[in-house]
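There are 2 protein chains.
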Amino acid sequence: MNETRHHVVVVGAGFGGLEFTRALDGAPVRITMIDKRNHHLFQPLLYQVATTALATSEVAWPIRHLLRKRKDVTTLLATVSGVDRAGKRVLLDDGDAVAYDTLLLATGARHAYFGHDEWENFAPGLKTLEDATTIRRRILLAFEWAERETDPAKRQALLTLAIVGGGPTGVELAGTIVELAHEMLRGEFRNIDTRQTRVVLIEAGDRILPNFAPELSDYASKALERLGVTVELGRPVTRCDAEGVVFGETHLPARTILWAAGVAASPAAEWLGAAADRAGRVLVEPDLTVPGNPEIFVVGDAAHVLRPDGRMVPGVAPAAKQQGRHVAATIEARLAGDATPQPFRYKHDGDLATIGKRAAAIDFGWIKLTGRPAWWLWGLAHIYFLIGFRNRLAVSLSWLWIYVTGQRSARLITQGDDDRN
Amino acid sequence: MNETRHHVVVVGAGFGGLEFTRALDGAPVRITMIDKRNHHLFQPLLYQVATTALATSEVAWPIRHLLRKRKDVTTLLATVSGVDRAGKRVLLDDGDAVAYDTLLLATGARHAYFGHDEWENFAPGLKTLEDATTIRRRILLAFEWAERETDPAKRQALLTLAIVGGGPTGVELAGTIVELAHEMLRGEFRNIDTRQTRVVLIEAGDRILPNFAPELSDYASKALERLGVTVELGRPVTRCDAEGVVFGETHLPARTILWAAGVAASPAAEWLGAAADRAGRVLVEPDLTVPGNPEIFVVGDAAHVLRPDGRMVPGVAPAAKQQGRHVAATIEARLAGDATPQPFRYKHDGDLATIGKRAAAIDFGWIKLTGRPAWWLWGLAHIYFLIGFRNRLAVSLSWLWIYVTGQRSARLITQGDDDRN
Numbered sequence: 001m002n003e004t005r006h007h008v009v010v011v012g013a014g015f016g017g018l019e020f021t022r023a024l025d026g027a028p029v030r031i032t033m034i035d036k037r038n039h040h041l042f043q044p045l046l047y048q049v050a051t052t053a054l055a056t057s058e059v060a061w062p063i064r065h066l067l068r069k070r071k072d073v074t075t076l077l078a079t080v081s082g083v084d085r086a087g088k089r090v091l092l093d094d095g096d097a098v099a100y101d102t103l104l105l106a107t108g109a110r111h112a113y114f115g116h117d118e119w120e121n122f123a124p125g126l127k128t129l130e131d132a133t134t135i136r137r138r139i140l141l142a143f144e145w146a147e148r149e150t151d152p153a154k155r156q157a158l159l160t161l162a163i164v165g166g167g168p169t170g171v172e173l174a175g176t177i178v179e180l181a182h183e184m185l186r187g188e189f190r191n192i193d194t195r196q197t198r199v200v201l202i203e204a205g206d207r208i209l210p211n212f213a214p215e216l217s218d219y220a221s222k223a224l225e226r227l228g229v230t231v232e233l234g235r236p237v238t239r240c241d242a243e244g245v246v247f248g249e250t251h252l253p254a255r256t257i258l259w260a261a262g263v264a265a266s267p268a269a270e271w272l273g274a275a276a277d278r279a280g281r282v283l284v285e286p287d288l289t290v291p292g293n294p295e296i297f298v299v300g301d302a303a304h305v306l307r308p309d310g311r312m313v314p315g316v317a318p319a320a321k322q323q324g325r326h327v328a329a330t331i332e333a334r335l336a337g338d339a340t341p342q343p344f345r346y347k348h349d350g351d352l353a354t355i356g357k358r359a360a361a362i363d364f365g366w367i368k369l370t371g372r373p374a375w376w377l378w379g380l381a382h383i384y385f386l387i388g389f390r391n392r393l394a395v396s397l398s399w400l401w402i403y404v405t406g407q408r409s410a411r412l413i414t415q416g417d418d419d420r421n
Numbered sequence: 001m002n003e004t005r006h007h008v009v010v011v012g013a014g015f016g017g018l019e020f021t022r023a024l025d026g027a028p029v030r031i032t033m034i035d036k037r038n039h040h041l042f043q044p045l046l047y048q049v050a051t052t053a054l055a056t057s058e059v060a061w062p063i064r065h066l067l068r069k070r071k072d073v074t075t076l077l078a079t080v081s082g083v084d085r086a087g088k089r090v091l092l093d094d095g096d097a098v099a100y101d102t103l104l105l106a107t108g109a110r111h112a113y114f115g116h117d118e119w120e121n122f123a124p125g126l127k128t129l130e131d132a133t134t135i136r137r138r139i140l141l142a143f144e145w146a147e148r149e150t151d152p153a154k155r156q157a158l159l160t161l162a163i164v165g166g167g168p169t170g171v172e173l174a175g176t177i178v179e180l181a182h183e184m185l186r187g188e189f190r191n192i193d194t195r196q197t198r199v200v201l202i203e204a205g206d207r208i209l210p211n212f213a214p215e216l217s218d219y220a221s222k223a224l225e226r227l228g229v230t231v232e233l234g235r236p237v238t239r240c241d242a243e244g245v246v247f248g249e250t251h252l253p254a255r256t257i258l259w260a261a262g263v264a265a266s267p268a269a270e271w272l273g274a275a276a277d278r279a280g281r282v283l284v285e286p287d288l289t290v291p292g293n294p295e296i297f298v299v300g301d302a303a304h305v306l307r308p309d310g311r312m313v314p315g316v317a318p319a320a321k322q323q324g325r326h327v328a329a330t331i332e333a334r335l336a337g338d339a340t341p342q343p344f345r346y347k348h349d350g351d352l353a354t355i356g357k358r359a360a361a362i363d364f365g366w367i368k369l370t371g372r373p374a375w376w377l378w379g380l381a382h383i384y385f386l387i388g389f390r391n392r393l394a395v396s397l398s399w400l401w402i403y404v405t406g407q408r409s410a411r412l413i414t415q416g417d418d419d420r421n
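Protein chains in written order, with the UniProt record's numbering: chain A, 1 to 421; chain B, 1 to 421.
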């Protein structure tokens, strides 16, 4: 690759960074893709790893394999520690630096605990593959320990799983966990009846799926309760510890708590020394550049971007991909001599969430779908968006297997010695 | 289950313990299966997880799911800390105890470093799922780091992988790693040529696959060298550290060292306070009972069992399964009133090892196979022995995919923060 070409550095191979790189195919640039992990993660299906339906390798693929045919792209496994804006260099934690002409930060988000980081030990969130295997391990261990527990109160606390946050991730976790307990594990234990497992979904607001139309929130609540989930609305969680979770006046003894509420952006704003919102998202210009640095872009969950009506662009994969394409078009225009800033316009495709393996809620705005038709549409859409034929095939097979036999295939408790996996 | 029935406690759900439990189906006993992991591991295919060909969930299945239809079996996830022979109780590390009438210890083996436990950090072995993901991570990270390394000597050390031990595991690791480097990763890096990767198989004896007929050892050496593996014979390893491995006068700079030499039995002998061989295997009576305790049996890799010709029964799955069936028959005979000790007789089915994805060596004694026919027979045999249709299907699909496309599907670096996974 010609070293004199315009050098674009991308940090983060999530949906935004990868779509950006794809959109620049054929442009007169050379690209360096930096990620601290070796794999792109298909986050929309991560909850299925956490609940034993899919294997880790079915939702994650090596970045350099995805980009292997792009001779203009160099992939580096490295951890970024800062950005030298004046010197136009990305700083790595091992002391190296990578110079750029244009920089794209697409570094995503982690979960946040609203100032209560001490809750993380008791209520793991779901953002990485390790998060998913940690949650899978905790769920499966709760049943194993319950099987050996003779104290009825302790046993009930082990058979109680609380999920904090009623967005799509919380709803999807609740639905698949209750099915795991009530259907798939049934008959495998001798001292407990897994059908007595309580799954409680706790949402601080007055309805779950708050981004959906209210009638879909109602539908989802009823569908979850039919599956056996208890939905608790209107009271925020004020405490998580080894005993359980407190919301309002209620103390719910629960040995397993999962965190699906609140995200915080990656440290991109800190690297830049740029202004950020309370969740840490960089306050970018309408064209997604960093104020004062038109050669630096931030996209996806790391960026705070407003829609014309003043609402924020949501932290979903389609938004990140649209932003990635927008920045690619901007760079191509600049290289062609047109430096006019083009504001990013978000096109909202819709919202969707599954409820167990037989229902879903889909809100396209102009049409709303529920029940089995929505579930099938959701499944087809996700298989379509999976990267690479191998994974489409593998995921389809896994789902078909679950659908036909009612059994999940990845019920592994790994790394029992510590809580990291 | 009738609490007054004869109570059989099994520790370890490997090949021996599981086969034993299956053979006792319908017997007038109740069985408690104790394992510290929630899954049975199909160890013969573990090297394929370590080398990215199979996902973890394709070689491991929940024990209680395998035994779900056996209402006479209770499965416990628990760690054994000792055996109270006088009180006939298995002691658990959390202070609980499980009383038995008959006890089967089928606790397997770990790798051993011949008194050099400090080598383990530098040269991980392959016995558990976590071992496999650790090795997978180290192999993949070596290439990632080489891509960023500018010092030629350090880069070459990163691109050198040493495997210690020329038994089937070492041969299989060497063959799949060299194919990964020379074929599958080719073209994905920009600063290194993965075809320059050196894979060195180090065996202290004068030939690899020492349990096979000499002509098969020769064949395997030649087949490995054709793939690009360097085979080093006749010099034992005297040092492993962060710089590499020393054998004889040779110091080989290698950042990745894998340990496939030497096993040590589980602490079953310590639990019992029983006599053991140097590797820790319990010296059992010909009927597999512990001397002085006819109600305690030890099978599989945890037991030292001699064949009529004085050689030891090898530590392979068929031997453990045969022993499990033998003990089940002994218990049934005793319950029927016949307490005559029956000596175990090992029937050796043969030895087999694959060499990459196109060759294998099979020694049935009366017939020896090599090349592609052996590889296909090996593949069919392993699919046949895989437990559960789902995994047969999934593994077949994964292998077919690799065979047709040349790509492997589980190239994940997980748990980058520490060395445990």
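Any given hint might turn out to be false.
[Unchecked claim] Calculated lysine to any residue pairs in the SDA-like style (CA-CA distance at most 25 Å, straight line):
1. B/Lys-69 to A/Ala-97
2. B/Lys-36 to A/Lys-357
3. A/Lys-69 to B/His-182
4. B/Lys-69 to A/Arg-195
5. B/Lys-69 to A/Asp-96
6. B/Lys-71 to A/Leu-141
7. B/Lys-69 to A/Lys-36
8. A/Lys-36 to B/Asn-121
9. B/Lys-71 to A/Lys-36
10. B/Lys-69 to A/Phe-189
11. A/Lys-36 to B/Thr-32
12. A/Lys-36 to B/Gly-82
13. A/Lys-36 to B/Thr-289
14. B/Lys-36 to A/Glu-295
15. A/Lys-69 to B/Arg-155
16. A/Lys-347 to A/Thr-405
17. A/Lys-357 to B/Thr-32
18. A/Lys-154 to B/Asn-191
19. A/Lys-154 to B/Thr-32
20. A/Lys-36 to B/Thr-194
21. B/Lys-154 to A/Pro-267
22. B/Lys-36 to A/Leu-141
[Said to hold, decoys possible] Footprint (simulated), chain A over chain B, 3 or more residues, beta carbon under 8 Å:
23. 33-41
24. 47-59
25. 76-89
26. 188-200
[As the list claims (entries may be wrong)] A short list of chain B residues far from chain A (calculated; beta carbon distances all over 10 Å):
27. Glu-144
28. Lys-154
29. His-251
30. Pro-253
31. Pro-267
32. Pro-318
33. Gly-371
34. Ala-394
35. Gln-407
FYI, nobody ran anything at the bench for these hints, they're computed from the structure.
Glycine is no exception: its CB is placed at the ideal position from the N, C-alpha and C atoms.
For each hint, the structure was consulted:
1. About 59 Å separates the Cα atoms of B/Lys-69 and A/Ala-97, which puts this hinted pair outside 25 Å; it is violated.
2. A hinted pair counts as satisfied when its Cα atoms are at most 25 Å apart, and B/Lys-36 with A/Lys-357 does not qualify at roughly 31 Å.
3. For the proposed pair A/Lys-69 and B/His-182, the alpha carbon gap of about 17 Å is at most 25 Å, so the pair holds.
4. For a cut-off of 25 Å, the pair hint linking B/Lys-69 to A/Arg-195 stands: about 17 Å separates their Cα positions.
5. The suggested pairing of B/Lys-69 with A/Asp-96 is violated, with an alpha-carbon distance near 58 Å, which exceeds 25 Å.
6. A distance of roughly 21 Å separates the Cα atoms of B/Lys-71 and A/Leu-141; the hinted pair therefore holds under the 25 Å criterion.
7. Our distance criterion of 25 Å between C-alpha atoms is broken by B/Lys-69 and A/Lys-36, whose separation comes to about 45 Å.
8. Between the alpha carbons of A/Lys-36 and B/Asn-121 the distance comes to roughly 23 Å, so the proposed pair stays at or under 25 Å and holds.
9. Simply put, B/Lys-71 and A/Lys-36 have alpha-carbon atoms about 48 Å apart, too far for the 25 Å limit, and the pair is violated.
10. Distance check on the hinted pair: B/Lys-69 and A/Phe-189 sit about 10 Å apart at the alpha-carbon level, within 25 Å; holds.
11. Of the pairs offered as hints, the one joining A/Lys-36 and B/Thr-32 is violated, with about 45 Å between alpha carbons and a cut-off of 25 Å exceeded.
12. At roughly 43 Å between alpha-carbon atoms, A/Lys-36 and B/Gly-82 are farther apart than 25 Å, so this suggested pair is violated.
13. For the suggested pair A/Lys-36 and B/Thr-289, the alpha carbons sit about 53 Å apart, so the restraint of at most 25 Å is broken.
14. The suggested pairing of B/Lys-36 with A/Glu-295 is violated, with an alpha-carbon distance near 55 Å, which exceeds 25 Å.
15. The straight-line distance between the Cα atoms of A/Lys-69 and B/Arg-155 is roughly 24 Å, inside the 25 Å bound, and the hint therefore holds.
16. Distance check on the hinted pair: A/Lys-347 and A/Thr-405 sit about 39 Å apart at the alpha-carbon level, beyond 25 Å; violated.
17. Taking the CA atoms of A/Lys-357 and B/Thr-32, the gap is near 33 Å; set against the 25 Å cutoff, the hint is violated.
18. Taken as a hint, the A/Lys-154 and B/Asn-191 pair is broken in the structure, with Cα atoms around 57 Å apart against an allowance of 25 Å.
19. For the suggested pair A/Lys-154 and B/Thr-32, the alpha carbons sit about 23 Å apart, so the restraint of at most 25 Å is met.
20. Between the alpha carbons of A/Lys-36 and B/Thr-194 the distance comes to roughly 21 Å, so the proposed pair stays at or under 25 Å and holds.
21. A C-alpha spacing of about 32 Å is found between B/Lys-154 and A/Pro-267, which places the hinted pair above 25 Å, so the restraint is violated.
22. At most 25 Å may separate the alpha-carbon atoms for a hinted pair to count; B/Lys-36 and A/Leu-141 meet this at roughly 11 Å.
23. Given a C-beta distance limit of less than 8 Å, the hint that chain A covers the region 33-41 of chain B holds, as 4 residues qualify and 3 suffice.
24. Check result for the region 47-59 of chain B against chain A: holds, 4 residues qualifying (beta carbon to beta carbon below 8 Å, three or more required).
25. Proximity of the region 76-89 of chain B to chain A, defined as three or more residues with a beta carbon under 8 Å from a beta carbon of that chain, is established by the 3 residues found.
26. Judged by the Cβ-Cβ criterion of 8 Å, the region 188-200 of chain B is covered by chain A as claimed, because 4 of its residues qualify and three suffice.
27. For B/Glu-144, the non-interface assignment is contradicted: its Cβ lies about 4 Å from the closest Cβ of chain A, within the 10 Å cut-off.
28. With 10 Å as the threshold on Cβ separation, the claim that B/Lys-154 sits away from chain A holds: the shortest Cβ distance comes to roughly 13 Å.
29. Listed as outside the interface, B/His-251 is consistent with that label: its C-beta sits roughly 26 Å from the nearest C-beta of chain A, beyond the 10 Å cut-off.
30. Look at B/Pro-253: its CB is around 20 Å from the nearest CB on chain A, clear of 10 Å, so calling it non-interface holds up.
31. Annotated as non-interface, B/Pro-267 keeps its C-beta farther than 10 Å from every C-beta of chain A; the closest such distance is 16 Å.
32. Every C-beta of chain A lies more than 10 Å from that of B/Pro-318, the closest at about 25 Å, which supports listing it as non-interface.
33. Against the 10 Å criterion, B/Gly-371 stays outside the reach of chain A, whose nearest CB is about 28 Å from its own CB.
34. At roughly 7 Å from the closest C-beta of chain A, the C-beta of B/Ala-394 falls inside 10 Å, breaking its exclusion from the interface.
35. Annotated as non-interface, B/Gln-407 brings its C-beta within 10 Å of a C-beta of chain A; the closest such distance is 7 Å.
Figure legend: structure checked against the earlier numbered hints; hints not met, in rising order: 1, 2, 5, 7, 9, 11, 12, 13, 14, 16, 17, 18, 21, 27, 34, 35.
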